[in-house]
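There are 2 protein chains.
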Amino acid sequence: MIILDGKQTSKDIRQELAEAVTERKKNGKKIPHLAAVLIGNDGGSQTYVSAKVKACEAIGFESTLIRHDDSITEEELLKLVEKLNNDDKIDGFIVQLPLPNHIDEKKITLAIDPKKDVDGFHPENLGNMVLDLPGFLPATPAGIIELLKRYDIETSGKNCVVVGRSNIVGMPVSIMLGRNTKPGNCTVTLTHSRTQNLEEICKNADILIAAIGKPLFIKENMVKQGAVVIDVGTTRVTDNSRKKGFRLRGDVDFDNVAEKCSFITPVPGGVGPMTIASLMMNTLRAMELNGK
Amino acid sequence: MIILDGKQTSKDIRQELAEAVTERKKNGKKIPHLAAVLIGNDGGSQTYVSAKVKACEAIGFESTLIRHDDSITEEELLKLVEKLNNDDKIDGFIVQLPLPNHIDEKKITLAIDPKKDVDGFHPENLGNMVLDLPGFLPATPAGIIELLKRYDIETSGKNCVVVGRSNIVGMPVSIMLGRNTKPGNCTVTLTHSRTQNLEEICKNADILIAAIGKPLFIKENMVKQGAVVIDVGTTRVTDNSRKKGFRLRGDVDFDNVAEKCSFITPVPGGVGPMTIASLMMNTLRAMELNGK
Chain A
743 MIILDGKQTS KDIRQELAEA VTERKKNGKK IPHLAAVLIG NDGGSQTYVS AKVKACEAIG
803 FESTLIRHDD SITEEELLKL VEKLNNDDKI DGFIVQLPLP NHIDEKKITL AIDPKKDVDG
863 FHPENLGNMV LDLPGFLPAT PAGIIELLKR YDIETSGKNC VVVGRSNIVG MPVSIMLGRN
923 TKPGNCTVTL THSRTQNLEE ICKNADILIA AIGKPLFIKE NMVKQGAVVI DVGTTRVTDN
983 SRKKGFRLRG DVDFDNVAEK CSFITPVPGG VGPMTIASLM MNTLRAMELN GK
Chain B
743 MIILDGKQTS KDIRQELAEA VTERKKNGKK IPHLAAVLIG NDGGSQTYVS AKVKACEAIG
803 FESTLIRHDD SITEEELLKL VEKLNNDDKI DGFIVQLPLP NHIDEKKITL AIDPKKDVDG
863 FHPENLGNMV LDLPGFLPAT PAGIIELLKR YDIETSGKNC VVVGRSNIVG MPVSIMLGRN
923 TKPGNCTVTL THSRTQNLEE ICKNADILIA AIGKPLFIKE NMVKQGAVVI DVGTTRVTDN
983 SRKKGFRLRG DVDFDNVAEK CSFITPVPGG VGPMTIASLM MNTLRAMELN GK
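Residue numbers (the working numbering), protein chains in the order written: chain A, 743 to 1034; chain B, 743 to 1034.
Just so you know, the hints here were simulated from the structure itself, not pulled from any lab data. Be a bit skeptical, because a hint or two may be false.
In this list, chains with the same sequence are indistinguishable; a pair is considered to hold if it fits within one copy or across any two.
Stated by the list, open to error - With a straight-line Cα cutoff of 25 Å, these simulated PhoX-like cross-link-like pairs (lysine-lysine) come out:
#1 K945 - K966
#2 K849 - K924
#3 K945 - K772
#4 K1034 - K849
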């Protein structure tokens, strides 16, 4: 059994990106600049955004963090998005979700210029993904693909089962792995809350991707001997033995599943760090796609 | 076994659309106007386009057929697309594929204003489909969904296997049936040329959709007793007993498969007529979406 070390792989990617930045500086080219918009005081969101900003700094990207409290109106946020769309210094930006209830997340997502949408959430980018056209792949699925690629895991002709059909992970990763690409060419089954015989379906997976946000949902009896298991779940569960008062739990019962796997991602240190690496890669790409 | 009669269902839809046109006329509203662009002399394309134009006329839509021979340049075609994008009289238009080799089909598809893209091929519309946002669904998959809906076939929780991952049928229908919609909520497996154990996978399908363009590919041993079988294939095979010299063959070995099915589409008269009905529905919708 081999651990898919997202932390190390993410480090490798950041190292490569740092070198690309140095090279660009040397040639007098623009340095990638990511902006992140954070609304309100959600603990998880703060952690994610600050990790993204830190990652930018560590590799020499420029970054701008824009914070607003919950009182921002939808109209004000739309204006801010418009400003970032038109700001030539900013190559890509993200608006951290979830947003407060009085703001329509879809409206905000649609307002972001697809050319700066480094989260890859805009319909135009999802459509480009379906058609395998240039654009931005959603960061978490792209991170999963990158991990499979860097560990040289064969995907062609493999049965892949994705558990969970969210717009930002399950649905796009199921599309990406079914395309005629490398990694790709899997026979993908996308499962969800209405799926019957989930256990049986999962047990047939050569590659199993769990993205439902239910801690320890995937048990030993749902995993085939020798499977590749990718755990996207990162739920905070109370743990008073920790200083923070919680620990992160994946969707996979790692302790009992791991020994059956050929490869498995840990939580934390698996898919999580890869998401940030993808975001950085998308930001560099944004600049290149926009001819800078 | 019940035949899913696409011809009759398409007639019903056209009748409904004709009534909607009459109603619009009565209220002094604009009549839907579809333009079709046909390049070259491909026999199949001519047949399809003329069927679309005829369908428009029959239900009271306005229609414009624009023909050019193969000598048209890519630039000229792009200009024509631009003209149609900006023509307020035209609510929706299609550029019939395939195009001559010297023209980049992707470029043309991307040039069509998503708001007039009644074929539903533009990435923005595919992305809207993924996210279940308003837009145009690709005509053939939308026709399949409409057929399932009108025959009141339960799809929630069913295993659906799609054979073939084309951008215009297999891939989008697999996405549409996996969404949390009605029809929808299937557990969808998308199969293709790299799939292993296809027979076994198909045999597990409650709903089997064949969209590969290989005549009679789906045999009796690949179909589960009681399955719903949707045949998207329409390949012309030589048949000298026919006046035209050919007949249309589906991807399903209908004669041997039909008796195992709960529902099955014939070829011709199944999915084909539904595609045109979808196109008409999209054209009416284009007008409504654009506030006319």
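For each hint, the structure was consulted:
Within a single copy, K945 and K966 get their C-alpha atoms as close as 5 Å, and across copies as close as 21 Å, so both meet the 25 Å cut-off. With identical chains, the CA atoms of K849 and K924 are at most 25 Å apart between copies only, with a shortest distance of 24 Å across copies and 33 Å within one. Taking the shortest Cα distances, K945 and K772 never come within 25 Å of each other, neither inside one copy (49 Å) nor across copies (56 Å). For the homomeric pair K1034 and K849, the shortest alpha-carbon distance between copies (23 Å) is at most 25 Å, but the shortest distance inside one copy (28 Å) is not.
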